[in-house]
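There are 2 protein chains.
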Amino acid sequence: MDIGIIGAGAVGLLFAGYLGKRHNVTVYARRKEQREQLEAYGVTVWREGRRGQTDVQAKSLSALDSRHDLVILAVKGYDLDESLFITVPTETPLLFLQNGIGHMDLLKTLPYDTVMAASVEHGALKENEHTVLHKGVGATNIALVRGASGPLQRLLEEKDAAFPFVKEDDYEAMLLRKLFINAIINPLTAIAGCVNGEVASNPYYSALIEQAYGELLHLHPHMEEVISLEDIKRVCMNTAQNRSSMLKDVENGRMTEIESILGELVRKTSPRDMPVMNTLYLLVKGKESAGRMT
Amino acid sequence: MDIGIIGAGAVGLLFAGYLGKRHNVTVYARRKEQREQLEAYGVTVWREGRRGQTDVQAKSLSALDSRHDLVILAVKGYDLDESLFITVPTETPLLFLQNGIGHMDLLKTLPYDTVMAASVEHGALKENEHTVLHKGVGATNIALVRGASGPLQRLLEEKDAAFPFVKEDDYEAMLLRKLFINAIINPLTAIAGCVNGEVASNPYYSALIEQAYGELLHLHPHMEEVISLEDIKRVCMNTAQNRSSMLKDVENGRMTEIESILGELVRKTSPRDMPVMNTLYLLVKGKESAGRMT
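If you read the sequences in order, they're chains U and G. This note's numbering numbers the first residue of the first sequence as 350 and each following residue consecutively. This note's numbering numbers the first residue of the second sequence as 350 and each following residue consecutively.
Don't read these hints as lab results, they were simulated from the structure. Be a bit skeptical, because a hint or two may be false.
Copies of the same chain look alike in the list, so a pair counts if it fits in one copy or across any two.
Pairs of lysine to any residue, SDA-like flavour, derived with a Cα cap of 25 Å [what the hints assert, rightly or not]:
hint	residue 1	residue 2
1	Lys425	Ala522
2	Lys597	Gly640
3	Lys597	Pro552
4	Lys425	Arg379
5	Lys381	Leu455
6	Lys425	Gly487
7	Lys582	Ser638
8	Lys457	Ser550
9	Lys597	Gly542
10	Lys475	Gln502
11	Lys617	Gln560
12	Lys516	Glu547
13	Lys597	Val544
14	Lys582	Gly640
15	Lys425	Lys516
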């Protein structure tokens, strides 16, 4: 396939590095320096101490053209905007990689024929403009929101053990499942300043996980069968030594994904119905704004 | 007067340093090394770069005797226990300096004739076993819980501008006022990791101050006239550069006063009625236990 990837952060580079091995990949990056480095060096993926290099093309967003068989949106939720891909014809299939459910309304109302959503479970850390560290091999779960399943089938046919794709049937349940995990673990680790494992093993944080889970379940009762409290604690233990991206963002005074993960939820819901989530939201917003002011 | 002071932390030393100038003061300290240093050097109070030295006697608790005209309890709330002063005759007036309302039940049920409670507004930092830094001159507000006002009058007669006493009429309102301030500012600064001023100026933390105040007011509606939301924000701004004791305790992996300040409240009340306070409580407990485990 001819694939366009919008966004050249950790996830965008990871997809470019793996997909570029079989497909013709163009990365759309905002900054000229990064585009030049991507054109010159390709994308380098480090995994378990070994490096793999993949040639890609790099262009500015204004050069986004109509020939792609698939366009992947790999920007953070807070940078996602329809104007990013306004020049892409509505016949082109789109694949969205964002966390949270902030983009759920957009997915539903877009005029595109084929729309897919993904929940990305890989651990990725951007090292420099063209290098990404593949820290944890997970899967890319993809569900069709609407349209033709052709491009999804093509991705499923890739048999790369280091970069597997898995088909999901219900995109809302898939995104909500990831949301439950992100909405609970990320803010809590960012506020507590600890690794994922500690929020499950510390009895006080664990009590907060339970209360937060109860609040989310109250809002989405059918999710009880999709993700249990034990599932969430298991994710913590499986990634026990990880520092969540939100923790790292707060520590480095960067913008976090709190808006796409919790912003929507707390604004839609009364603080009375989600008091723990609301408190966690305000504490992360407070840390975020303090870090960015200094 | 002949005064016994139980506890030789920052507040105990501060009281010994000032009261020792006019009264015969005995400090009861747990550790032998500290008693030896207090006997040898007296108490040194540093204030605005000047030092004052006061001779005191120092004894172990087992030597607590019956001749005192007043016994001051200057231990932290979590160390307060009736067994501390079991040898003190019930005619001896007692003065309690603890934060919070954890000792409120004790105050009510003690078999002593004269009981007083204080709300201490001084800033004090213990430098070493016999030296305390008097960082902020406030007042010691004292209210009679029951009994004779003689010892209270004697304290009120001290005219030391650096160590003033103020009489309060309603000890419950006095302790609750301090509780409102401590219950909101201390946990929030400890979790946010910031100085007092920032929790009032940061809009997200400020929103949490409001919600926490609302919860406390719901529990103690008559307090609206004793302390307003503006009063609490004013305390933050008046101590803008201060790092709260709870923040310092958390940073140093020490036990905090969270139990005496919030423990009682959250156990007496359903988390549903105090969700923000409950979340702050669990976050401080989590940080505290994580710090003490490492």
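Going down the list of hints, with the structure as the test:
1. Lys425 - Ala522: For Lys425 and Ala522, the Cα distance is within 25 Å only inside one copy (20 Å; across copies 50 Å).
2. Lys597 - Gly640: Close inside one copy (12 Å) and across copies (20 Å); limit 25 Å.
3. Lys597 - Pro552: Both ways: Lys597 and Pro552 sit 23 Å apart in one copy and 22 Å across, limit 25 Å.
4. Lys425 - Arg379: within (13 Å within a copy, 57 Å between copies)
5. Lys381 - Leu455: For Lys381 and Leu455, neither the intra-copy (29 Å) nor the inter-copy (70 Å) Cα distance is at most 25 Å.
6. Lys425 - Gly487: within (19 Å within a copy, 50 Å between copies)
7. Lys582 - Ser638: between (29 Å within a copy, 19 Å between copies)
8. Lys457 - Ser550: neither (39 Å within a copy, 39 Å between copies)
9. Lys597 - Gly542: Cα proximity of Lys597 and Gly542: in one copy and across copies (9 Å, 16 Å).
10. Lys475 - Gln502: neither (28 Å within a copy, 69 Å between copies)
11. Lys617 - Gln560: Answer is both; intra-copy 19 Å and inter-copy 18 Å each pass.
12. Lys516 - Glu547: Classified as neither: same-chain Cα gap 32 Å, cross-chain 47 Å, threshold 25 Å.
13. Lys597 - Val544: Answer is both: 10 Å inside a copy and 22 Å across each meet the 25 Å cutoff.
14. Lys582 - Gly640: Between copies, since 21 Å is at most 25 Å while 29 Å is not.
15. Lys425 - Lys516: within (22 Å within a copy, 59 Å between copies)
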